[in-house]
Amino acid sequence: MDNLGYLLAGYLITGLSLAAYVTSLYARGRRARRRTDSLGARPRVTDRP
Amino acid sequence: MSSAERALGKLTARRGERVLGWLTLGALVVTALFALVISPREAVQGNVFRLIYVHVPSAWLAYLAFTVVLIGSIAYLVTRKIRWDRMAAASAEIGVLFTALTIVIGSLWAKPVWGTYWTWDPRLTATAIMLLIYLGYLAVRKLPDDPAKRARWAAVVGIVGFVDIPIVHLSVRWWRGLHQAPARLLGVPKMAPLMGVALMIAVVAFTILYLYLMALRMRIGRAEARLLQEALAPRLEPAGRAVGQDVTSEAPARG
Chain P
1 MDNLGYLLAG YLITGLSLAA YVTSLYARGR RARRRTDSLG ARPRVTDRP
Chain G
1 MSSAERALGK LTARRGERVL GWLTLGALVV TALFALVISP REAVQGNVFR
51 LIYVHVPSAW LAYLAFTVVL IGSIAYLVTR KIRWDRMAAA SAEIGVLFTA
101 LTIVIGSLWA KPVWGTYWTW DPRLTATAIM LLIYLGYLAV RKLPDDPAKR
151 ARWAAVVGIV GFVDIPIVHL SVRWWRGLHQ APARLLGVPK MAPLMGVALM
201 IAVVAFTILY LYLMALRMRI GRAEARLLQE ALAPRLEPAG RAVGQDVTSE
251 APARG
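Chains as they are written, first to last, in the numbering used here: chain P, 1 to 49; chain G, 1 to 255.
Careful, some of the hints might be misleading.
Said to hold, decoys possible - Covered stretches of chain G (in silico footprint by chain P; criterion: 3 or more residues with CB under 8 Å from a CB of chain P, positions within the stretch not fixed):
hint	segment
1	45–51
2	103–110
3	206–217
4	220–231
These aren't lab readings, by the way, just hints derived from the structure by calculation. Don't be surprised by glycine CBs; every beta carbon is placed ideally from N, CA and C.
The following block holds chain P by itself, in its conformation from the complex (with noise of 0.2 Å):
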């Protein structure tokens, strides 16, 4: 008994679901920033002279 097809799969999708995740980790911390790039540039009221 050797089903190698469901070892390859066990292997794969433990693969997979991580590189996926932490690629949408990446994403998510990217879009972040960005986004508080773009609010911080614009001033607040506390920054009124």
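Once you've looked at the hints, dock chain G against the given chain P.
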């Protein structure tokens, strides 16, 4: 700031995150080498047994992640510091990912060994319930707009939900089922020594992976908190008039 919070801060700094990233990659390569090449083929199950080197570490990470959710939830309710809530939220997300992986890999292993992808075995059922509980935890975090209320509700679910973890772990001892009892990692191992070494390496590698994912996820949590703070701050339009709380628009101020 407590020493635990300082240690957490160091770990989640960008430099610490990069070091953890490389450590994780190295540990996972060593794990793959031991799991797929060095460790011997199992006499009865054959090569499919090698799924143990991702199935068991994934289950361990789920336990670890949900224990951190419990710690973060209790710490938040005691101190009311939002960073504990952020830690619990990050850990719950990672725990859900690894619980799902545990179930999927377990199903792939079960098919050739038990003849079915799924059966209502006590361990499998308790693990499925664990996944539902923590999906519920993540859903609760989407409900209230008020961050304090959200953190409070989530903390309660994070504490109550933890009750299922010992049930999952001890289900193989309490009830008869198809799932085997846990292989011992400490003391006298029930498996071949090289298999035991490979499993230990995999568990350590996945633990480093957890630390890396936590560092990454907590940095994003902080970035999203800063974004919310910026979005809620009252802004001036070019003419100098305050525009109030614009939380959705990324576009420059309207003229």
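Structure-based check of each hint:
no.: 1; hint: 45–51; in the structure: holds (count 6)
no.: 2; hint: 103–110; in the structure: holds (count 4)
no.: 3; hint: 206–217; in the structure: holds (count 4)
no.: 4; hint: 220–231; in the structure: holds (count 7)
In this structure, every one of the numbered hints holds.
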